[in-house]
Amino acid sequence: YGFTQSEYDHCLFYMTKDTDMLIVLLYVDDIITAHTRGTSVRSAWADNFSSKFRWTDFGTNLQEFVSIRLRQAPGVVRLDSERYIMELASEVFPGGIHANYAVPARPELPSLVDDA
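Numbers in the numbering used here are just positions in the sequence shown, counted from 1, shifted up by 128.
Calculated directly from the structure, the hints in this document are not laboratory data.
Among the clues, some could well be false.
Said to hold, decoys possible - Here are the simulated distance ranges between beta carbons: (1) 213 / 135: 29 to 35 Å; (2) 203 / 153: 20 to 26 Å; (3) 166 / 194: 24 to 30 Å; (4) 145 / 194: 26 to 32 Å; (5) 209 / 134: 23 to 29 Å.
In this text, a Cβ means the ideal position worked out from N, Cα and C, and glycines have one as well.
All chains should be built: construct the whole structure from the sequences, respecting the hints.
Rendered as C-alpha coordinates:
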(Lines of atoms letter the chains of each structure in order from A; the text may use other names.)
(Lines give C-alpha, C1' and ligand atoms only; values in the text may rest on other atoms or scores of the structure.)
Protein backbone atom coordinates (compact mmCIF):
# COMPACT_ATOMS: atom_id res chain seq x y z
CA TYR A 129 0.00 0.00 0.00
CA GLY A 130 3.06 2.19 -0.13
CA PHE A 131 3.88 2.62 3.56
CA THR A 132 7.31 3.48 4.90
CA GLN A 133 8.34 2.00 8.24
CA SER A 134 9.72 4.53 10.70
CA GLU A 135 13.39 4.09 11.51
CA TYR A 136 12.70 5.35 15.07
CA ASP A 137 9.69 3.20 15.99
CA HIS A 138 9.24 -0.03 14.08
CA CYS A 139 5.51 -0.10 14.97
CA LEU A 140 4.94 3.17 13.10
CA PHE A 141 4.22 3.30 9.36
CA TYR A 142 3.42 6.32 7.21
CA MET A 143 2.56 7.16 3.64
CA THR A 144 2.13 10.39 1.76
CA LYS A 145 0.30 11.02 -1.48
CA ASP A 146 0.42 14.56 -2.79
CA THR A 147 -0.56 16.64 0.28
CA ASP A 148 -2.32 13.74 2.08
CA MET A 149 -0.66 11.78 4.86
CA LEU A 150 -1.70 8.60 6.66
CA ILE A 151 0.09 7.34 9.77
CA VAL A 152 -0.57 3.85 11.15
CA LEU A 153 0.68 2.74 14.55
CA LEU A 154 0.47 -0.98 15.38
CA TYR A 155 0.79 -2.29 18.92
CA VAL A 156 0.10 -5.99 19.55
CA ASP A 157 -3.56 -6.16 18.47
CA ASP A 158 -4.34 -2.43 18.41
CA ILE A 159 -4.12 0.00 15.52
CA ILE A 160 -4.16 3.80 15.63
CA THR A 161 -4.45 5.85 12.49
CA ALA A 162 -3.92 9.56 11.97
CA HIS A 163 -4.49 11.33 8.71
CA THR A 164 -4.75 14.65 6.97
CA ARG A 165 -8.13 16.17 7.75
CA GLY A 166 -10.63 16.40 4.92
CA THR A 167 -9.14 13.66 2.74
CA SER A 168 -10.27 10.16 1.87
CA VAL A 169 -6.84 8.54 2.30
CA ARG A 170 -7.81 6.87 5.60
CA SER A 171 -11.15 5.54 4.40
CA ALA A 172 -9.53 4.11 1.24
CA TRP A 173 -6.88 2.39 3.38
CA ALA A 174 -9.52 1.08 5.85
CA ASP A 175 -11.59 -0.37 2.99
CA ASN A 176 -8.51 -2.11 1.60
CA PHE A 177 -7.47 -3.37 5.05
CA SER A 178 -11.01 -4.67 5.71
CA SER A 179 -10.94 -6.69 2.51
CA LYS A 180 -7.91 -8.60 3.82
CA PHE A 181 -8.39 -8.72 7.62
CA ARG A 182 -11.26 -8.96 10.08
CA TRP A 183 -11.10 -6.02 12.47
CA THR A 184 -13.21 -3.50 14.30
CA ASP A 185 -12.76 -0.03 12.90
CA PHE A 186 -13.53 2.67 15.46
CA GLY A 187 -12.71 5.32 12.90
CA THR A 188 -11.30 8.51 14.31
CA ASN A 189 -13.13 8.24 17.63
CA LEU A 190 -10.11 7.05 19.61
CA GLN A 191 -10.93 6.97 23.31
CA GLU A 192 -8.37 4.55 24.75
CA PHE A 193 -5.09 3.00 23.66
CA VAL A 194 -2.74 0.80 25.71
CA SER A 195 -4.66 1.72 28.90
CA ILE A 196 -4.33 5.45 28.23
CA ARG A 197 -7.61 7.35 27.94
CA LEU A 198 -7.75 10.10 25.34
CA ARG A 199 -10.25 12.93 25.52
CA GLN A 200 -10.40 15.38 22.66
CA ALA A 201 -11.89 18.85 22.38
CA PRO A 202 -11.19 21.57 19.82
CA GLY A 203 -7.51 22.41 20.17
CA VAL A 204 -6.96 20.09 23.15
CA VAL A 205 -6.07 16.42 23.66
CA ARG A 206 -6.04 15.15 27.25
CA LEU A 207 -4.37 11.87 28.23
CA ASP A 208 -4.75 10.01 31.51
CA SER A 209 -4.23 6.55 32.99
CA GLU A 210 -6.99 6.75 35.62
CA ARG A 211 -8.63 3.41 34.73
CA TYR A 212 -5.29 1.59 34.75
CA ILE A 213 -4.30 3.16 38.07
CA MET A 214 -7.66 2.29 39.65
CA GLU A 215 -7.44 -1.32 38.43
CA LEU A 216 -3.90 -1.60 39.76
CA ALA A 217 -4.92 -0.06 43.10
CA SER A 218 -7.82 -2.51 43.45
CA GLU A 219 -5.40 -5.41 42.93
CA VAL A 220 -2.91 -4.08 45.47
CA PHE A 221 -5.55 -2.82 47.94
CA PRO A 222 -8.55 -5.17 47.45
CA GLY A 223 -10.37 -3.61 50.42
CA GLY A 224 -9.97 -0.13 48.98
CA ILE A 225 -7.79 2.76 49.99
CA HIS A 226 -8.97 4.28 53.25
CA ALA A 227 -5.96 6.30 54.38
CA ASN A 228 -5.51 10.05 54.15
CA TYR A 229 -2.18 11.48 53.14
CA ALA A 230 -0.78 14.92 53.76
CA VAL A 231 0.62 16.91 50.87
CA PRO A 232 3.57 16.91 50.73
CA ALA A 233 4.18 13.49 52.23
CA ARG A 234 7.56 14.63 53.58
CA PRO A 235 7.46 17.94 55.49
CA GLU A 236 10.82 19.09 54.12
CA LEU A 237 9.43 19.16 50.57
CA PRO A 238 7.75 22.32 49.28
CA SER A 239 3.97 22.17 49.01
CA LEU A 240 2.25 22.51 45.64
CA VAL A 241 -1.10 23.08 47.35
CA ASP A 242 -2.12 26.36 48.98
CA ASP A 243 -3.05 25.92 52.64
CA ALA A 244 -5.52 28.80 52.43
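* List, from low to high, the hint numbers that the structure doesn't satisfy. => No numbers; nothing is violated.
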